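Take the sequences, apply the hints, and build the full model.
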Amino acid sequence: MWMYILVGVLSAVAGIAIGFFIARKTMMSYLQKNPPINEQMLRVMMAQMGQKPSQKKINQMMKAMNNQMK
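Note that my numbering has the sequence shown beginning at 44, numbered continuously upward.
Some clues are possibly wrong.
Claimed, not checked - Mimicking BS3-like on lysine-lysine, the simulated pairs with C-alpha atoms at most 30 Å apart in a straight line are:
1. Lys68 to Lys95
2. Lys106 to Lys68
3. Lys106 to Lys76
4. Lys95 to Lys106
5. Lys95 to Lys76
6. Lys76 to Lys99
The set of hints was computed from the structure by calculation and includes no laboratory data.
Bear in mind the structure is a predicted one, so any value in this text is a computation, not a measurement.
Rendered as structure tokens:
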């Protein structure tokens, strides 16, 4: 009787762990293909803050965000 409970609990733990890693891998892949912020969004945000963004500054911010994602 206790053997069935143990097998059930171990199966549930294994299923949760496998599901977590699959979901994590899927989400990381999605975020790499579809980044949450692009250059146009950065331009708009900086304009709203009263800054006139240069292309160099935009490139620096995008590079910093990409490095942070890795």
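Okay, the hints, checked on the actual structure:
1. The hinted pair formed by Lys68 and Lys95 fails the criterion: a straight-line CA distance of about 37 Å is larger than 30 Å.
2. Simply put, Lys106 and Lys68 have alpha-carbon atoms about 22 Å apart, close enough for the 30 Å limit, and the pair holds.
3. Simply put, Lys106 and Lys76 have alpha-carbon atoms about 15 Å apart, close enough for the 30 Å limit, and the pair holds.
4. The suggested pairing of Lys95 with Lys106 holds, with an alpha-carbon distance near 19 Å, which does not exceed 30 Å.
5. Proposed proximity of Lys95 and Lys76 is supported: the alpha carbons are some 28 Å apart, at most 30 Å.
6. For the given pair, Lys76 sits about 23 Å from Lys99 by alpha-carbon distance, which is consistent with the 30 Å threshold.
Against the hints set out earlier in the document, a violation occurs for number 1 only.
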